[in-house]
Amino acid sequence: MSVHALRKSASSSFVFVGIGLPIEASAPAYQSHGTEGSHLTNITNTKKAFPVLAVNYEHVRKPFEIALWILLALLMKLGFHLIPRLSAVVPESCLLIVVGLLVGGLIKVIGEEPPVLDSQLFFLCLLPPIILDAGYFLPIRPFTENVGTILVFAVIGTLWNAFFMGGLLYALCQIESVGLSGVDLLACLLFGSIVSAVDPVAVLAVFEEIHINELVHILVFGESLLNDAVTVVLYNLFEEFSKVGTVTVLDVFLGVVCFFVVSLGGVLVGAIYGFLAAFTSRFTSHTRVIEPLFVFLYSYMAYLSSEMFHLSGIMALIACGVVMRPYVEANISHKSYTTIKYFLKMWSSVSETLIFIFLGVSTVAGPHAWNWTFVITTVILCLVSRVLGVIGLTFIINKFRIVKLTKKDQFIVAYGGLRGAIAFSLGYLLSNSHQMRNLFLTAIITVIFFTVFVQGMTIRPLVELLAVKKKKESKPSINEEIHTEFLDHLLTGVEGVCGHYGHYHWKEKLNRFNKTYVKRWLIAGENFKEPELIAFYRKMELKQAIMMVESGQLPSVLPSTISMQNIQPRAIPRVSKKREEEIRRILRANLQNNKQKMRSRSYSRHTLFDADEEDDVSEVRLRKTKMEMERRMSHYLTVPANRESPRPGVRRVRFESDNQVFSADSFPTVHFEQPSPPSTPDAVSLEEEVPKRPSLKADIEGPRGNASDNHQGELDYQRLARCLSDPGPNKDKEDDDPFMSC
Amino acid sequence: MGSRASTLLREEEIEEIKKETGFSHSQITRLYSRFTSLDKGENGTLSREDFQRIPELAINPLGDRIINAFFPEGEDQVNFRGFMRTLAHFRPIEDNEKNKDPIASEPLNSRSNKLLFAFRLYDLDRDDKISRDELLQVLRMMVGVNISDEQLGSIADRTIQEADQNGDNSISFNEFIKVGNVYILYIDIDIDI
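Chains as they are written, first to last, in UniProt numbering: chain A, 1 to 742; chain B, 1 to 193.
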């Protein structure tokens, strides 16, 4: 607490004794004049007892309240998951809104003014983390394959919704009996444009619980992200026009131009910041600790910069995340990657919770003007226009798609068009000069409640009822990766044969451009030459290696000359029959668990690891205790080192890389009925983390390495082990392998 | 060349190709003009050199394999019928074909035929298994020359280990299309011709 700040505080006066304890209570007593003399005079005038304990709430009020709100939000979240049946039936967003209503009601009962969801706070603090989380982890492949469809839904669908609703509501207002004849067309169109946009926050919140198949998920989600440009343009357009009152053709034309500027400009700004972030990450090998901060800050700057120019901030954020991800992940350490993932999920989770709670509170607080006809019509029109829009657009789109959208897909896309907090905030931003502001706000809130509660709650049983295809679960496997790449090449080639410049052709061109020009500037060291397949394989192996080390399957202290392959055949026969049975039983149970959980498992924003990784980790811990003994036994029984002796206290992990020539039948096999990768202690063959040494091939035949090779190997493996075993940031000197993310 | 193209392709031929492959009239004529533009020797058949002149195939890692797929066993020339027969594998599956009479012979572009086509690109010796060597060859073609043999070997081993379920250290067709009971080939092997 700085002394100067205290002195300047007008509401309190302080007299300092020695170490600077504030003595006076917060009630303003007298001003301090800063001279010793007057202090003394003041003190002698009114001498109070020396208060040992004093309360100064004003001092900490703002941060305290903020922290209290966040804590409340998180405790609510915690509470929901403790009640078993509740979270299965009601989506979390609904529960949070209800909590918000309760809290708002409570505050009102107390007599205080409940805080409303401040638009500034919403757009600048609460929304960016959610969008960044979504954009950074956007599944690129399905997105780019469907980008045409997504754009059609986002742009044309939103336009259709806005005009349809605005027009019909204006027609409604013309009817005398409604009593709203003062509402002109532009105001209605403005309202239509606010309420027509599908909201990414609401969609994310609901869709991640139903695990729909990837196509529908990316369609609705992509649409909710990309329609931001349309919303921004329409909103600004109608806001301007309704002040002026008339619209000319030139204005409409400028509006169209504005749309392109807003959307493309937003993407451009995002891409620029993305490249900056990628370029910066190239040089962070010596300061690993601040790597995540670069990612966050560049993205936030992209958002703020585009908001500054009235461009689409959401598209900027998405573009930034998408552009920077492949390069940044090639450059940063594993821990940084985990940090980024963890923080993004944490922030977006908190944001989402706060948004929904504040929605509830704002409902209680906000000024309301209720008009039955208007509100009910709005809700009905929302549904109708959405359904009509989706059906109409799908009819047109299916003519151009290879994989057509089925009726079930269309239904989910239409039903999943939820409205949320963005609509509310935009409505709140309306200046008070709009005489219909309160009415609009009430209608918006009603629509939001309807979509989130009714549609949000019923979508899950409907998905079950209609037997819509769910998300297929599959662990990342090298097979899939190879075959995907193989098919990409095949289809590109066949397109070339046909002379047809389609999807694969352009993708191939982009890849080639990326490989020859872009990667060498943005990826640190020699890694830019690495083919994607190799990178993928390496990440996979590393991931598994980490798990195996933690499980104790790989002995952590080893004579350096013993290869993995030697260990395993010796270790396995030592496992008694009974133990083997136990292990087999456990693994079988684990696999069954995995299969059962498959339906409920998918990429969830609230889990850090995939659920099956968590299973593996806990499974692995179980096996750890069992293998502990085996490890000790094998340690004593294996061939002792003829060179270095194991240094105590240093965890060394040795991986056999190229010294061993494998033939297929020399694989150590443990015959489980259902093999799953962690169970079979296959020989993990790990490539060197450091830039490739030319002497890798030197030791193919001979005894396991000569001294210099071993020493270098030891250093490398020490580094690797430290990276795996890892403590804190000050040891980061060793942690500078460009560890790729998983 | 345009007028020559249409006179060389007779209506009956178009009908036959249509029935065999399912392509539409316009698609067939379009592909025929492509065929003739590739056919530099103007003898109604394509040789391997004609394919190798296509720039996209020249830079494609799998270029040679794709070219080979067009040529039937042991032959060096492919006529238009054969050309279309191979390309038919890539035609998108249409909705109205899904309810076809199951007794009729399976169309060339059925899902399993597509996957079989892809499988045969790996399995050169046609023994219905992808052995480690065949896998290695494909991997080598895809990753280029900078990666060491041992590295590729370990990737191949890992791949086989993941997919192999009957323990014969090679990948059969059934193992090819799924790993551990989960179908992995989600890409539709379709081209919009």
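If you're looking for bench data, these hints aren't it; they were derived computationally from the structure.
Where hints are given, some of them may not hold.
Said to hold, decoys possible - If you want a taste of the chain A side facing chain B, the calculated C-beta under 7 Å gives, among others: (1) VAL109; (2) ILE478; (3) TYR537.
Said to hold, decoys possible - In silico BS3-like cross-links for lysine-lysine, where the CA-CA straight-line distance does not exceed 25 Å: (4) B:LYS19 x A:LYS399; (5) A:LYS469 x B:LYS178; (6) A:LYS408 x A:LYS469; (7) A:LYS404 x B:LYS19; (8) A:LYS404 x B:LYS129; (9) A:LYS470 x B:LYS19; (10) A:LYS539 x A:LYS529; (11) B:LYS178 x A:LYS471; (12) A:LYS404 x B:LYS40; (13) A:LYS62 x A:LYS47; (14) B:LYS18 x A:LYS399; (15) A:LYS543 x B:LYS178; (16) A:LYS335 x A:LYS539; (17) A:LYS539 x B:LYS178; (18) A:LYS108 x A:LYS62; (19) A:LYS48 x A:LYS62; (20) A:LYS399 x A:LYS469; (21) A:LYS335 x A:LYS529; (22) A:LYS529 x A:LYS345.
Said to hold, decoys possible - A few chain B residues that don't get close to chain A, going by computed Cβ distances all over 10 Å: (23) SER112; (24) LYS129; (25) VAL138.
Even for Gly, the Cβ is constructed at its ideal location relative to N, Cα and C.
Cross-check of the supplied hints:
{"no.": "1", "hint": "VAL109", "in the structure": "violated (55 Å)"}
{"no.": "2", "hint": "ILE478", "in the structure": "holds (5 Å)"}
{"no.": "3", "hint": "TYR537", "in the structure": "holds (5 Å)"}
{"no.": "4", "hint": "B:LYS19 x A:LYS399", "in the structure": "holds (23 Å)"}
{"no.": "5", "hint": "A:LYS469 x B:LYS178", "in the structure": "holds (18 Å)"}
{"no.": "6", "hint": "A:LYS408 x A:LYS469", "in the structure": "holds (9 Å)"}
{"no.": "7", "hint": "A:LYS404 x B:LYS19", "in the structure": "holds (24 Å)"}
{"no.": "8", "hint": "A:LYS404 x B:LYS129", "in the structure": "violated (34 Å)"}
{"no.": "9", "hint": "A:LYS470 x B:LYS19", "in the structure": "violated (36 Å)"}
{"no.": "10", "hint": "A:LYS539 x A:LYS529", "in the structure": "holds (16 Å)"}
{"no.": "11", "hint": "B:LYS178 x A:LYS471", "in the structure": "holds (16 Å)"}
{"no.": "12", "hint": "A:LYS404 x B:LYS40", "in the structure": "violated (38 Å)"}
{"no.": "13", "hint": "A:LYS62 x A:LYS47", "in the structure": "violated (32 Å)"}
{"no.": "14", "hint": "B:LYS18 x A:LYS399", "in the structure": "holds (21 Å)"}
{"no.": "15", "hint": "A:LYS543 x B:LYS178", "in the structure": "holds (22 Å)"}
{"no.": "16", "hint": "A:LYS335 x A:LYS539", "in the structure": "holds (14 Å)"}
{"no.": "17", "hint": "A:LYS539 x B:LYS178", "in the structure": "holds (22 Å)"}
{"no.": "18", "hint": "A:LYS108 x A:LYS62", "in the structure": "holds (19 Å)"}
{"no.": "19", "hint": "A:LYS48 x A:LYS62", "in the structure": "violated (29 Å)"}
{"no.": "20", "hint": "A:LYS399 x A:LYS469", "in the structure": "holds (22 Å)"}
{"no.": "21", "hint": "A:LYS335 x A:LYS529", "in the structure": "holds (23 Å)"}
{"no.": "22", "hint": "A:LYS529 x A:LYS345", "in the structure": "violated (32 Å)"}
{"no.": "23", "hint": "SER112", "in the structure": "holds (15 Å)"}
{"no.": "24", "hint": "LYS129", "in the structure": "holds (12 Å)"}
{"no.": "25", "hint": "VAL138", "in the structure": "violated (7 Å)"}
In summary, the numbered hints that this structure violates are 1, 8, 9, 12, 13, 19, 22, 25.
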